[in-house]
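Please build the complex by placing chain B on the supplied structure of chain A, with the hints as guidance.
Residue numbers (the numbering used here), protein chains in the order written: chain A, -9 to 443; chain B, -9 to 443.
Hint data in this document are derived by calculation from the structure and do not stem from the laboratory.
Honestly, I wouldn't trust all of these hints.
Note that the list lumps identical chains together, so a pair holds whenever it fits in one copy or between two copies.
As the list claims (entries may be wrong) - Below, computed lysine to aspartate or glutamate pairings styled on EDC-like, alpha-carbon distance capped at 16 angstroms:
#	residue 1	residue 2
1	Lys195	Glu9
2	Lys378	Glu366
3	Lys253	Asp147
4	Lys62	Glu159
5	Lys339	Glu228
6	Lys348	Glu300
7	Lys344	Glu263
8	Lys253	Glu9
9	Lys157	Asp239
10	Lys195	Glu263
What you are looking at is a predicted structure, and each value in this text was computed from that prediction instead of being measured.
Protein chains: 2
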Amino acid sequence: MTDRIESYIDQNRNRFIDELKEWMRFPSVSAQRDHDKDTRACAGWLVDHLKNLGFKASLVDIGGQPIVRASKKGMSQRCVMIYGHYDVQPEDPIDQWQTPPFEPTIRDGILYGRGATDDKGQVFTHVKAVESLLKTEGQLPCEVVFLLEGEEESGGDALGRYVTQVKDELRPDAIVISDTTMYDEKTPALTYGLRGIIAFEFIVKGPGADVHSGAYGGAISNPAMTVAQILAQCVSPEGKVLIPHFYDDVAPLEKWESDMFRKLAFNEKALMEELNVPGLHGEGGFSTLERLWARPTFEVNGIFGGYMGEGPKTVLPAWAGAKVSMRLVPNQNPEKIAGLFEAFINSIKPDTVKVTVKAYDGAFPSVVPIVGPSVEAATRAVTRAFGKAPVFTREGGSIPVVSTFKKVLGLDTILIGFGQNDDNAHSPNEKFSLEDYQRGILTSAHLLQEMAR
Amino acid sequence: MTDRIESYIDQNRNRFIDELKEWMRFPSVSAQRDHDKDTRACAGWLVDHLKNLGFKASLVDIGGQPIVRASKKGMSQRCVMIYGHYDVQPEDPIDQWQTPPFEPTIRDGILYGRGATDDKGQVFTHVKAVESLLKTEGQLPCEVVFLLEGEEESGGDALGRYVTQVKDELRPDAIVISDTTMYDEKTPALTYGLRGIIAFEFIVKGPGADVHSGAYGGAISNPAMTVAQILAQCVSPEGKVLIPHFYDDVAPLEKWESDMFRKLAFNEKALMEELNVPGLHGEGGFSTLERLWARPTFEVNGIFGGYMGEGPKTVLPAWAGAKVSMRLVPNQNPEKIAGLFEAFINSIKPDTVKVTVKAYDGAFPSVVPIVGPSVEAATRAVTRAFGKAPVFTREGGSIPVVSTFKKVLGLDTILIGFGQNDDNAHSPNEKFSLEDYQRGILTSAHLLQEMAR
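Extracted from the complex, chain A is given alone in its bound form:
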């Protein structure tokens, strides 16, 4: 049985790649309204594709980007729901892409393009897995439901609202998400922890217009300097977040976790080389892996104000601002952190400027158990496909829906990633190796079989 599936995946390798490329060509950038048509077309393409595989599939419109819902019964009564997202991050900075983001290109066995790993490529492993099962076995081992959203990259709430609406008809036995990564190229992983997030933009307003820095410099606050001073008060040079009560709810790592992190023997030198930085940096007293997986952060995502063109321009800017985001860990609450941040900004802002803060949607952090029947099924599937058992990891990123599923459906999610850390998710030259793609398809096929038991 396994041999038949493996052969099918091998024999259809090129078509599977071509189909993924075709789907990746849709610039489904959900954050940009002028891509709404592309985003919908991207979802529609997948609905048609799943219909051709015999799924009952449709677009769900509930405000915001449409949701793809598709299902097909299987041999067993058990139901596995696969979540993913078909929307992608904006492409910029566009000039740093070696090949255009929406013209998927293969170089040296690696597929480059926006969405390659996050999350179109990983979603498509499951789509091609169900195809492979259907074409070789004639039917699925269990019921499979696809629930794919188009707002993951833009913080929309359509999926959350939908799941709440239909929670009584959606009664999966297990939920699977492939939107994380392997531990490294040779080591498969099941991810049991994700950070949450809360993001803001704040703007500091000074004079009504940019003014002459000679004529007015020394008389009034400089908004760009105020932005810098506010940010510098948020994080110490040693990487500690200085917002009062920020760490109050942070759950310390349990001993088995610290021990496990240590055993993973994280390669700091390789990370420095990958990122081309002269050194690593972060909160004192924690290892790099602990800082990435289990400690909250405060990051500046963008900073702007005044003259950004060529050469000097001696103005005192009318305004300046920054986009910041904080990654959160259990048991931090994004709403509570939002309140702490806004109160802190208000407490430190000088009264010689006007400061406005805007919060974007947040997401809760998650941890899921590393024991139980679904985890055991996933472990068996990975072991069959990779020839080795997965390690258990946490990740620094956020998948908001995991806490939604827990809250609304009462189910923990299996997080099984097929890509790599350096796949440039959210960055130029996003990629997904063809080997990871093919192995992901095989793993997913095994996973559905194991979960059907």
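Leaving out everything else, chain B in the frame of chain A:
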């Protein structure tokens, strides 16, 4: 005699305005290479204009933007050299102009457009003054030399090199510059002090590309945060510059200056209203006028890095940077300050990022005497035109050529400004009131007469 000149200026008022508008239409933005043709055309237009008034006039090419040199003998042997600049600041932010920057427009007796006050309008007061003298008196009271550069706004060195080359043939008895302002709308001023300047851009480089703030946040330095932390270490929240030895050479105000500043009764409330700021701010222990005129500053002119578009984007930026400038006062030396700043940045920069600093050309601060024959002549001229004596002021801006003239020609400059502080030099909606323009022409005519004595 005075009556004849005044009448001539009155009668030709509209033509004088039209000619200035015609000259302002050239987008002579010297900082932008793609405006080089416009900048040269702007200079050429003035050469032709001065030739038509009987001047010997030509463009001097010495590398960089051309210099306008023009001269005409007069009744007395004395020679007055008028310096000014025909280049202008970039127009941006373009969307904040009520009417296009290079389509001069009159609203409520005020002429709006780039260069209106800085410095085309003020240069043109002298051009129309010599015309008025020539048309009413038949000849100039003394020799008049125009020396007008096209690199004042972009820190070029062509004029300095040229003055050094021709210093033996350029032997003026007095130098006049109109590139400052009146004290207020009703109070004419002779300016005796200017700040110097030194400007920099520094760039902080982190990872090779913008990376996912979840996947990497906590492991490496955030370049935008590093920029903020560097800036926050340069200036205290109380407005004190923290670069070691920055204040070492600052000449304290003399008692007569402090007394005079106090007597000028600076209107802080009016400044707050003009700039629409909730409060004034600057170095503790000094009055607003002292901070503006006689204390050095550190300003952020621009700050940039990461995602600046709409909505959130959770990246950790590859790099970020800032443009900063420091206004300097006697006896600070821009080169020495540049060295202090670069050494300071190098001493505080974290070793987990790469930091590069680029210095732009600097300018020395200046003070000129408030006594002597030229100052007395200027005082008489202002008193005749305004019906009141000028006050003595300093200014926060920089006119680098003043220290060049002192060093190369051994002459102090008379700084007599006809515009206002709120004329939006370097800002959107730059302006020059038609009343100031006309009174400037009359004052210049009187000045040449008084200086001929």
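> Which holds for Lys62 with Glu159 at a C-alpha limit of 16 angstroms: within a copy, between copies, both or neither?
Replying inline: Result: close within a single copy only, 14 angstroms intra versus 95 angstroms inter.
>> When Cα atoms must be at most 16 angstroms apart, do Lys378 and Glu366 count as within-copy, between-copy, both, or neither?
In response: within (14 angstroms within a copy, 94 angstroms between copies)
>> My question is about Lys344 and Glu263: at a cut-off of 16 angstroms on alpha-carbon distance, are they close within one copy, between copies, both, or neither?
In response: between (42 angstroms within a copy, 14 angstroms between copies)
>> Regarding Lys253 and Glu9, is the shortest C-alpha distance of 16 angstroms or less found within a copy, between copies, in both, or in neither?
In response: neither (39 angstroms within a copy, 80 angstroms between copies)
> How do Lys253 and Asp147 come out at 16 angstroms by Cα distance, when the copy is not named: within, between, both, or neither?
Replying inline: neither (38 angstroms within a copy, 63 angstroms between copies)
> For Lys339 vs Glu228, is the C-alpha pair at or below 16 angstroms within one copy, between two copies, both, or neither?
Replying inline: Cα proximity of Lys339 and Glu228: across copies only (13 angstroms, versus 22 angstroms in one copy).
> Which holds for Lys195 with Glu9 at a C-alpha limit of 16 angstroms: within a copy, between copies, both or neither?
Replying inline: neither (50 angstroms within a copy, 38 angstroms between copies)
> What label fits Lys195 with Glu263 when the C-alpha limit is 16 angstroms: within, between, both, or neither?
Replying inline: Between copies only: 14 angstroms across, 40 angstroms inside.
> What label fits Lys157 with Asp239 when the C-alpha limit is 16 angstroms: within, between, both, or neither?
Replying inline: This pair counts as neither: shortest intra-copy Cα distance 30 angstroms, inter-copy 74 angstroms.
>> If the cut is 16 angstroms between Cα atoms, do Lys348 and Glu300 qualify within a copy, between copies, both or neither?
In response: Between copies, since 12 angstroms is at most 16 angstroms while 30 angstroms is not.
Hints 1, 3, 8 and 9 from the list above are not met by this structure, while the remaining hints are.
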